[in-house]
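One letter stands for each residue in the lines below.
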Amino acid sequence: MRRYAVSVMSIAILSAAAVMAARTNNAAHAADAPAAGADTAPYTVQDGTKVDGKTLDGWKTWRALACERCHGAEQEGLVGPSLVNSLKTMSKEDFHTTVINGRPEKGMPPWGGSDLMVKNWEGLYDYLKGRSDGAIKPGHLYPIGQ
Amino acid sequence: MKMIYARPMLGGMAISAALCLSGIAAATDTETAMANPSDWASQSGSYDNHRYSTLDQINASNVKGLQVAWTMSTGVLRGHEGSPLVIGNTMYIHTPFPNNVYAINLADQTYKWKYEPKQDAQVVPVMCCDTVNRGLAYGDGKILLQQADTTLVALDAQTGKVIWSVKNGDSKLGETNTNSPHVFKDVVLTGISGGEFGVHGRMQAYDIKTGKLLWRGYSTGPDDQLLVDPAKTMTWTNGKMAPIGKDSSLKTWKGDQWKLGGGTTWGWYAFDPKLNLVYYGSGNPGTWNPSQRPGDNKWSMTIWARDLNTGIAKWVYQMTPHDEWDFDGVNEMVLADLPIKGKETPVVMHLDRNGFGYTLNRVTGELLVAEKFDPNVNWATKVDMKTGRPLVNAKYSPGTTGPDVDVKDICPAALGSKDEQPSSYDPQTKLMYVPTNHVCMTYEPFQIEYTAGQPYVGATLTMYPTPNSHGGMGNFIAWDPAEGKIVWSKPEKFSVWSGALTTAGDVAFYGTLEGYLKAVSLKDGSELWKFKTPSGIIGNVFTYVYNGKQYVGVYSGIGGWAGIGMAAGLSEGHEGLGAVGGYKDLAKYTTLGGSLFVFALPDGAGGATKTASNVQ
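Heads up: the sequence lines are chains A and B, in that order. Letter by letter, the first sequence follows residues 2 to 147 of the working numbering. Letter by letter, the second sequence follows residues 2 to 617 of the working numbering.
Warning: the hint list may mix true and false statements.
Straight-line Cα separation of at most 25 Å, BS3-like style, residue types lysine-lysine; simulated pairs [stated by the list, open to error]:
1. K55(A) x K89(A)
2. K589(B) x K107(A)
3. K173(B) x K107(A)
4. K119(B) x K107(A)
5. K342(B) x K275(B)
6. K409(B) x K61(A)
7. K173(B) x K120(A)
8. K252(B) x K162(B)
9. K409(B) x K138(A)
10. K51(A) x K409(B)
11. K173(B) x K61(A)
Because the hints were derived from the structure by calculation, they are not lab data.
Please model the complete structure; the sequences and the hints are all you need to start from.
This is how it looks when you write it as structure tokens:
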């Protein structure tokens, strides 16, 4: 196989650090945690790498379905668009439609047949939102409390 | 087709040479065309995959005068691998998905016919993220196209009408095709892609007349599916050849994991008509999480020598047992006779993704040479010549460290010290001229479950230029396959992802990801000429003669992994790891494209006069 996400350390790490300061200690359920801006962050994150269980399952889904092959290891975009950018404007409903139905003509698979995606798409949305916000770092994630 | 335009036709000598080669009563039209240096009748120009032409109108002393003769848009903006074919006064060009085929009249560059297949767009996501096609094949008056959706089509070379069409796999299971079909005598060989979807890799042979399946030999599984004879199929064992024995593949997999075993076959095959043997390599075992599939995972990562007519394997050699790095063994097989330890020996040469250049006796399968063709290769210290196995460095072994551990600075990266981009062999210098990658990686495997038709990868990788080297991500090298030594190495900023061509004019040609077509000296790699095409080059350079004049051509069209991945992913981030000089994004040089470029010398510069080599 000869196509995968190519990536190196990201400037996202730097920008993430700044945003994180505002969010790191958001307590309890993410839905209750006010974000730095007007939006409400759907995830909980500590130190950029420790996240709530739902977001963690979202990241595991990202990894298992090899989304980085098109969207990049840091969601920066390769053949597929940058999700760091897309999640800034895309609604949760549009996100759901896109992952389930795909955009076959552009190469985005319809993941409606994947139990993993059907079960975890909201967590995946949360994870990518966190990446887009810069609150969650690229790479491996861990459960809060570890 | 009608030969309206006078072409140099084959003389008696060339025909008898072809007959001798084929060992049967008559040369096929493929063989006749391949014996004529004016044609470019197969993707590598010959059965032995030399990618070498005896043409010498364009040579080391005049190549600096090379100019664009004509260009053509392919109409598709994706990665353009492979090359056109030239048969007589017609050029056949192909495109990435949707795999259009155009026959072009060389007299005026007009279309003779077009074939535009309708394929289910659902195949595109399965090919993610690239929809390349490595080109057409020619034989029995037909043009063979291996479509992405696994349909193999035989078109009438004169009209473009479909003569037969067969289905070669199931894209619902993640099976697709990117490889070129190969025509050897009256047999069409084609492989399968989908090593990251848990497919069951195999090679297929079809009758060129009818499209009837002749045999199908799998890479993994029971002996009858492998098409092996346990007592007669040989492999290198403790310093000599020995039979592989019963259940040679089954014994090296846990349970029935061999059914998802990968071992795909999308590379460049070779054929020895005297031995009637076909040579090709099988790819990585699925998944990329090695802890999940204990054992040697035979016969993934293997060089195969099969009988053309029966498919029965005469010998096999597994290069990377129990792969932990995605070092697919599919790269081109190149055949030649070389002096090995003072004795002229029929060999097969293969520069593998794993960074080792192998030379084996192609009659017996004996291992003769296995040396690194990039000095930075570190996953193995060397190949033990007695066992034939690599001595793996535990520090760079994701299977040893286990899942969810990030193993850093493995060289080469998964794309290998070279990937499918085919090398050229010059029978005069007896050296290989090789486009290579110079990239390392971190590799983190993780547990993955199989779901039919969905990715079955199980590892996250990051890639970057080889640390503490010249800062670039590629080299163009000259390799001595008899000695296993690098003769010279020319650094390149990016991976060289273009198939090389050498000619009797003492020139090697290759393209770069920035979009340059380059001509370099065979002696030392010094640059003699270059031209910037509109997009990055991942196609293979080819040459032909029309109306007595030599042309050199290449597709320009970056795409998929090689292009966009580089452009998006690589930034200044790794300069701190010892990259020399500023590393600049590929995006500064190029973007998507899709065109054919054809070059020639201006009239009067030697281009219009026939030289001895192209007058038949």
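Hint compliance check: list the failing hint numbers for this structure, sorted ascending. Of the numbered hints, just 8 does not hold.
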